[in-house]
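Residues per chain are reported as follows:
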Amino acid sequence: MRYLPLSDADRTAMLARIGVTDIDALFADIPADKLLKAPVDLPRRKGELEVERQLGRLAAKNVPASSVPFFVGAGAYKHHVPATVDHLIQRSEFLTSYTPYQPEIAQGTLQYLFEFQTQVALLTGMEVANASMYDGSTGTGEAVLMAHRITKRRKAVLSGGLHPHYAEVVRTLSHMASDSVVSAPASPLADEDLISLIDGETSCVVVQNPDVFGNIRDLRPIAAAAQAKGALLIAVFTEAVSLGLVESPGAMGADIVVGEGQSIGNALNFGGPYVGLFAAKQKYVRQMPGRLCGETVDAEGQRGFVLTLSTREQHIRRDKATSNICTNSGLCCLAFTIHMTLLGEAGLKRLARINHANAVKLADALAGVKGVSVLNKAFFNEFTLRVPGKAADVVEKLAGKGVLGGVPYSRLAPEAGLDDLILVASTEVNSDDDRAAFVAALKEVL
Amino acid sequence: MLNNQGRPTAAGEATGSAHPTFTGNRALQVEEALLFEIGRADCTGVDLDEPASFSPRLGGLERKGDIGLVGLSEPETMRHFVRLSQKNYGIDTGLFPLGSCTMKHNPRLNEKMARLPGFSDIHPLQPQSTVQGALELIDQLAHWLMVLTGTSAVAMSPKAGAHGELAGMMAIKAAIDAKGEGAIRNVVLVPESAHGTNPATAALIGFVVKPVPAQDDGTVHVEDVKALLGPDVAAIMLTNPNTCGIFEPQIVEIAKAMHDAGAYFYCDGANFNAIVGKARPGDLGIDAMHINLHKTFSTPHGGGGPGAGPVVLSDRLARFAPLPFIRRDGSHFALVETADQAGDVQAFGRVTAFHGQMGMYVRALSYMLSHGSDGMKQASEDAVLNANYIRAGLEDLMSLPFPDHPSMHEALFDDTWLKDTGISTLDFAKAMIDEGYHPMTMYFPLVVHGAMLIEPTESESRASLDLFIMTLRDLALRAKRGETERFSAAPFHAPRRRLDETRAARNPILRWTPPQPIQQAAE
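Protein chains in written order, with my numbering: chain S, -8 to 437; chain C, 71 to 593.
For the record, the hints were derived by calculation from the structure and aren't laboratory data. Everything hinted at is true.
The calculated lysine-lysine pairs, modelled on DSS-like cross-linking and capped at a C-alpha distance of 27 Å, are: (1) S/LYS52 - C/LYS182; (2) C/LYS249 - C/LYS326; (3) S/LYS388 - S/LYS52; (4) S/LYS361 - S/LYS392; (5) C/LYS326 - S/LYS25; (6) S/LYS52 - S/LYS37; (7) S/LYS143 - S/LYS311; (8) C/LYS134 - S/LYS352; (9) C/LYS134 - S/LYS368; (10) C/LYS280 - S/LYS311; (11) S/LYS25 - C/LYS296; (12) S/LYS37 - C/LYS182; (13) S/LYS220 - S/LYS274; (14) S/LYS311 - C/LYS296; (15) S/LYS352 - S/LYS434; (16) S/LYS361 - S/LYS388; (17) C/LYS326 - C/LYS280; (18) S/LYS37 - C/LYS447; (19) C/LYS550 - C/LYS489; (20) C/LYS447 - S/LYS28; (21) C/LYS134 - S/LYS340; (22) S/LYS274 - S/LYS143; (23) C/LYS134 - S/LYS272; (24) S/LYS28 - C/LYS326; (25) C/LYS134 - S/LYS274; (26) C/LYS296 - C/LYS249; (27) S/LYS340 - S/LYS352; (28) C/LYS447 - S/LYS25; (29) S/LYS143 - C/LYS280.
All chains, please: the whole structure from these sequences, using the hints.
Below you can see the structure in the form of structure tokens.
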């Protein structure tokens, strides 16, 4: 077997050195009747070529985003990732290293985490950021728990513009922890009255911006109302590129900011792995979940970096920890850091303008199709289309025409009764031809 | 002080070397400034054209002012991150015996497969008719996991081991609630030797954690468990093989005792790699067990993630699996994403957006197909053989806390043998760095004083193990001879000398901030 260096002669000699005659002597603690006598019922080993063929056949049954006019978003976005990013994250020393528990031989990981934390803090307009979470949705669940710890209250208010999967993650966690959640109804027009839901029991208000329907929200009145009642504003985003153009959640008064970082540096990957971004006000740092990287010096006074404030974490505090999280999303956050380094301030802002411009062009083109309307007044690179008939059927028919034209909202939240809405995203990858193909296909299927 | 090119501002600043250099560099070991010290606000390594003039529709909520980010051109970016990478130790650098973490070889075929556009460039919410191959892959991986564990269901979506624990414990809580016992059964038993994630997970969803004492032989005894059982006990969380590297001999009896008491058995599967193809956790009586694809099935650790933690479920828990899951109908695969589609499954909700770690699934299945049933059994046997070979090579010099049981995939030593040397486990670990090794896991499990947990994995050759054993023997003899400084001041040859973690925690600096102008700083 190509991955196993030992020969049978090695094995025999090593067993002799250990002082046993049979490998099963080392498995003696397994009850004899539970020790498998024969290999399990699965295929035998395969060479590289055979594995490539078998997996290649499965891959070929899927339709990659790059192969069609592609407008699917709703929490994951198709962006162009520079070739440099994927090359660098495959450097052995990044790819095959562990959590930096031995900082003297992990400065590479630690320094990029410090750079990542700085980039995230700047982007979100917050004072501190952690070394990442699994993804935006799990980060949102953790943010709610953090708000409960800070306010010593246990009721979260969720905006109707929060991605339904994110809301479901929060509700699941809260239900299990016997915390309460008030969910505002879905609000495609961003006209919900969240402020009236905030009371003296509320620990936090969770608002996504741009929201799942693509609307850009002014968080300032909600922040003020929440804070007046002693609650925190948790601002959520699923499209990190929007932060290059839209006012930062920090500047609008958020106490905790959490979001999905997939858009920068990471492929679509059918939903994972992604990278959760998590930032907060400095005064809450000791209640944050996840890894934190901090600056220090070595025995000779040279600057270096270490994981720090670990007394918050499970391996020290066990059942009193701020979270059970053990890893971050290391390699995905490296990809984010590299892509953000390549973009820089100038590149990110331009990328954001291109995204917005493409979405505006697409919205105008689609709004011209008979029977179709765009619901949003303000949006970034995603908006909501109202179509005659069932959105799910329209999207499926579009796919039949070779256009992946968005996400029916009913797929995310069938119970909302909003069966005629399609969430449509447009990024820098879309060309004029893609837009024309979408418009033509939509006219045909309606 | 470094200038904005990352270079010292005056000659001779670099110290700490017998032969100081102007740059502070040491040949291939090149110092690298922070991105924010060398980047420029107007510099970009991505060529994008400004869009044609248009009217923005941002509702007046445009960002005002500078973000504060900096950029680098492509060659500078490449050099910055390559230099950073050279300050890291990885599996490809050398033996990485980090116990409990399973740092085995990461085959590059798996990386290549995960990057096929048919897997990496598909969106989680594009129509299911356009991702049938992806759903089939997840279904295949689920099948392999169920066969290897002897279970009948698996929740695929958890994002990491600890997340799998959470999903598994949620399934247990849902099952208890369904029986109407939610108000009574709120205690979870956790051995003192457990990973910290176990009690943290249980506490996160409102369970009260009760410790199970560790016995002198490093295992959990069924009598100790029985003594704690009562109508209030919901589950036990037990790692097997356990964190001392021992297969729990009474696991079947413990499982039976839990079930007889109406409680569940959560098995922490972090060490499943020792028994793949040798024993099936389902046969042992477990009800739920997460599988770290990044340990047992070689998906890269990536400097701390991303992981993947599917959790297998027994018949008793199968119908409480979280959303989403895949339902096969002939050759068609349907993704069940919402409660109204779930049928008999009383899904307790959702633990993450979308469907889990597809990128990791592809890598893990690529590993499984490559090894096959025969290769995976051999891998487990080699991992156990290598650990016992190291143990045999060191046990006369270093102390074994639990000599009566064979080790599984990792050998646990304590620091009794360092008594009176003035050298700690930490010092010994740092001296290993100078010898070109990543240290073993230190101070875990907590039930052993000054623990040193060594897991070589199956990826090491006999020659590699021999050199490792000789190196540790040499260090051990030097420690016993009183060569204290070699240990207490180590490492000498790493990119950094020992780092001051206390200072980092006392005055946390968690991000770069621009240097204060001199006049301001003086005020």
